[in-house]
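**Q** Quick mapping for you: the protein sequence lines, in order, are chains A and B. Residue numbers for the first sequence follow the working numbering, so the first one is 1 and each next one is one higher. Residue numbers for the second sequence follow the working numbering, so the first one is 563 and each next one is one higher.
Worth flagging that the hints you see were computed from the coordinates, not collected in a lab. Do not rely on the hints blindly, as some may be mistaken.
[To be verified] If you anchor each label on the Cβ, the simulated ranges turn out as follows:
{"hint": "1", "chain 1": "A", "residue 1": "63", "chain 2": "B", "residue 2": "780", "range": "17 to 27 Å"}
{"hint": "2", "chain 1": "A", "residue 1": "133", "chain 2": "B", "residue 2": "688", "range": "23 to 33 Å"}
{"hint": "3", "chain 1": "A", "residue 1": "468", "chain 2": "B", "residue 2": "658", "range": "45 to 55 Å"}
{"hint": "4", "chain 1": "B", "residue 1": "818", "chain 2": "A", "residue 2": "232", "range": "42 to 52 Å"}
Bear in mind that the values here come from a model prediction, so they are computed numbers and not experimental data. In this text, a Cβ means the ideal position worked out from N, Cα and C, and glycines have one as well.
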Amino acid sequence: MATLAPPRPKNYDDTFFKPISLWLTTTDHKLIGIMYMTTGMLAFVIGGVFALVMRVQLSQPNEKVIDASTYNQLVSAHGTTMIFFFATIFMTGVANYFVPLMIGARDMAFPRLNLLGFWLLPFSIIAYFIGFFVPGGALSAGWTGYPPLTEKAFSTSLGTDLWAFSLIIWALSGIMASTNFLTTVVALRAPGMTLTRMPLFVWAQISTSVLLLAVGAPLAGGLVMLELDRQFGTNFFTTQGRPVLYQHLFWFFGHPEVYIMILPGFGIISEIIPVFARKPIFGYASMVAALFGILFLSVAVWAHHMFTVGMNVYVETFFMVMTMLIAVPTGIKFFNWIATAWGGSIDFQLPMKFAFGFMATFLIGGITGIYLSSVPVDTQLHQSYYVVAHLHYVLFGGTVMTIFAGVYYWFPKITGRMLNKTLGEWHFWTVFLGFNGTFLVMHTLGLEGMPRRIVTYPGGFGEEGWGATNTFITLTSFFVAISVLIFLYNLVISWKRGEVAGDDPWGGNTLEWATTSPPPPYNFERVPPVRSHMPLRDLRAEGRIGQGEATKQTVEAPAAGT
Amino acid sequence: MPGRVGVCRRLLFALLLGVAAAALATPAFALGGSGLRPTVPDGVSENGHRIYDLYTYLISPFGIFVFVLVEALLLIIILRFRRSRQRPDYQPPQWHGNRWLEIGWTVIPFLILVVIGAFSFIELQRDFVRPADSVTDLDITVSAHQFGWTYYYPEGFKVNSEGLQATPLVIPTGKLVRMRMQSTDVIHSYWVPDLTGKTDTVPGYDNYMWYKVSQPGKWRGECAELCGTGHYTMQILVQAMTPDDYQAWVSDQVAKAKPSPSASPSSAAGAASPSPSASPGASASPSPSGSPSPSASPSP
Ligand code: HEM
Ligand SMILES: [Cu+2]
Ligand SMILES: [Cu+2]
C-alpha cells in the first residue's frame, strides 16, 4: 500500500547490501543460505534459457536452428544445471536458512564447514560451464552421462572430464552439507525441542541429508572410475568392460537424488498447509514415518531406470515392486495434507496457492510413475517424451512449485518485506497454465513414439502431428519463461520496497516466526518455550505473543556467534 | 444450508463440464499421428498388444480413479473451506489424526499396487524372457552401430539400414521372429512403438526380443538411447510380408549376396560380426553357437 519507501522496522537488517568481504567470509547460516539460494536461482535461469533454445529447435519438424552436437550439449547442460545446480542447491539454501531457526539454534553445528561446502560449488559450476569453451564442447551424452558414449573413444572432448570433475566436487559439497545438517539437528535443538516436536520441514531435511550422505559417495565413485577409464584406460565401463555397471552406480545415486530434490519440498508443504488452514498437521507421526519409508525404499529402486538393458525378470520384478511400494508412503503424505486442509479455515494466500498447485500437478507425476514402474509398460515409455513429461511433473510440478511456495512463505522472514501480491497472482497463473500446457501433451507425444534427446524429427509416417503438438509446447514454454521473469522482478522490487512484513505475517507455528524479520545474526535473544511441534501457536493461544514476551526485540547485533 | 448446496451444484456442473469435454475430445485423441495419443500404441506384435492391455485396462482405470478422486478432493477444499466464505467465528476442528483413515489410505493403495504388480509380473514372465528354441521360427541378429542397424539373416545375407531413410527389417507374418540384439560401439535401443516395447543393444552381451505379427505392413521407429550426434538419424523400418512374399524376398537377397562373396565390408565393424551368418538355411534352428556369446569381448 505504501507508495513511498515505507519506514524500516526496528533493527531491519538489509542483509543483501553487505560488503563483499562479509559475503566471502561469513559463517552465518542465513547469509550462506541466501548465497545458496541465489546461486540456485541463477542456475534456474541459465537452465531455463537452455530449455527455451531446445524448444525453439523442436518447434517444427526438420528444424535447423542448432545442430545435433549443440543440441546434445544443451540437453545435457539443461538436465545437469537444473538437477545439480538449481534444485538441489536451492533446497540446500532453504534448509541452511531455516533448519537452525526452526530448531532454535544459533547457527549450524559446523559454521566453517558450511562456508567451505558452499564455496566448493562455484568451482563445480564454473568447471562444468568451461566445457562449452573447449574444443569439442561440454558433456553431450545427457545428464546421466552413460558410457561407453562418455568413454574416450566416443567423447574425446575435455568437456566430459570437466563434467565428471564438476560433479565429484558437487558430491563432496553435498556430503559436507549433509553431515552438517544432521549434526546440527542432533546437537543444537533448543530446550524442549524433542524429536517429536520438530517441524516436519526439519524431519524432511534429515531424511534428505541421510540420503545424500548415503549416495553422494557412490556417484563420486562411479565418476572417478569413468575418469580412470578416460585417463588411464582402466576399462571399467568401456566396450571391453561393463558399461551397465556404471548405470547401476549412477542410478544408485540418481533415484535417491530425485527424493533429495523433493523431500524438502514435502517439508515446505507440510509447514504451509497447517498455517493457512489454521489446523494442526494431520498425522504428524505418519508423516515422519512416511519420510523414512520413502528414504529406505528409495535406495532400493534404482534399476527401474534400466528395465530395457536386459536384466533377469526376477530382478526386474524386485525393482518394480519396490518402486510401486514408494507410492504408499507418498500417498500417505498426500492424504494427510488433504485431511489437514479439510474442514480448515483456509486463507488462499500465495504460499497456499502454490501448495495446492503443487498437489494438483505433482499428483500427475506420481500416477505416471506407477505406469512407468510396470516393467512391460515401461519398455514402451522408457526414454520417450512420456518420461520427459513425467520427470517435469515431479521436478517442476514438485520441486519448483514447492520452492515457489516456500519463497512466498519465507521471503518476509528473509527480507522483512512481503512479496507483491498482484505480481504473485500473475506469476502463479502464468506458471500453472504454462507449465501444464508445456508438459501435459509431452505425455501423448511419448505415447506416439517420440524419443527424448533427439535434435529433430522428420515429417512423414503419421508424424505430421508431432509438429503441431511440438509447436504448441514451444509456445506455452514461453509462458513459463514469462512467469519466471515476473517472479524475478517481484523478488527484486519487493526486496527493495515491498510492504514491511513484521515478525510473523502469516500467524506461523514454528520458531522462525518468533524472531525478527530478518533475524539477527545470532537468531534468537531468547528462544521461546517449546511444548509441542507448534510452539508459536501455543504462545498465541496463551496470549503471549504481541506483548513482546516471546519476541524480544533486539537492537544491537553482536558479532556472529562462534 | 443453502451455501453448501450452491457449492455442490457448482462443483457438479464443473465436473460434468470436464467429463463432456473429455468425451468430446477422446475421438480426436484416439487418432494416431495426431500427437495426442492417450495410450501406448496397440501393438501389432502379440507382446505389444499385451502391453497395451496392461496400460489401458489394468493401470489406467486405477490411475484415472486416483486422479479424479484426489483432484476432486482438492477442488472441494478450494470451494468449501475458504476463510473468506466462512462465518467469522468459524473454528476449524483441531484433528491430529485418525487411525482408521490413516490405515485406510495405506492399505487401499497397497492393494491396488499388488494387483498392478501381479499382472505386470505375469506379463513379464510371459513375454520378456528369451523365447525358447521350440517356439522360435526365425532368428535374426540386430547389430547396432553409430549410426545405423545391420540385420543378419540366417541365410547368410545381411541388410544394412543407415541414415534417415531406413531400409526395412523384413519379417514374415505369423512367425515368431526372435531377435538377438547387439551393439558394436555404444548403447543403442531398438524401438518400433507400433509393434512392441524397446530393447537396448549393449556392447558386451546379447539381449533378446521378439516380434510376432499377423498382418503385412510397415511400421516405423527409431533409436531410443542417445548414442551421439547421429542419434536422431537411426530410424527404423520394419516390414512384415506374407510367408510366400518373404521367401521370395529372401531368395532375392541371397541371390544378390552370392555374386560377390567378398561384399561383406572388412571394416572395423566387421570385427564384431555376429555368428548366425555362419549357418545358411537353418531358419528354424537356434543360433548355431547355441548359447549367446558376447560379441565384443571374449573375456570379462
Ligand atoms: C521452462 C521450463 C522447462 C522447459 C521448457 C523444459 C524443457 C525440457 C525439454 C524439452 C527436455 C527434453 C529434451 C530432450 O529430451 O530432447 C527437458 C529435459 C529435462 N529437463 Fe527440463 N524444462 C524445463 C524446466 C525444467 C526444470 C525446472 C527441471 C528440474 C528441476 C528440468 C529438468 C530436466 C531434466 C533432468 C531433463 C532431462 C535431461 C536429459 O535428458 O539429459 N527441466 N526439459
Ligand atoms: Cu528413479
Ligand atoms: Cu541412438
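**Q** Does each hint hold? Answer for all of them.
**A** So, going through the hints one by one against the coordinates:
Taking the beta carbon of each, residue 63 of chain A and residue 780 of chain B are about 26 Å apart, inside 17 to 27 Å as hinted. Look at residue 133 of chain A against residue 688 of chain B: about 52 Å separates their beta carbons, and that is not inside 23 to 33 Å. For the pair residue 468 of chain A and residue 658 of chain B, the beta carbons lie near 51 Å from each other, so the given range of 45 to 55 Å is met. Separated by about 47 Å at the C-beta atoms, residue 818 of chain B and residue 232 of chain A satisfy the suggested range of 42 to 52 Å.
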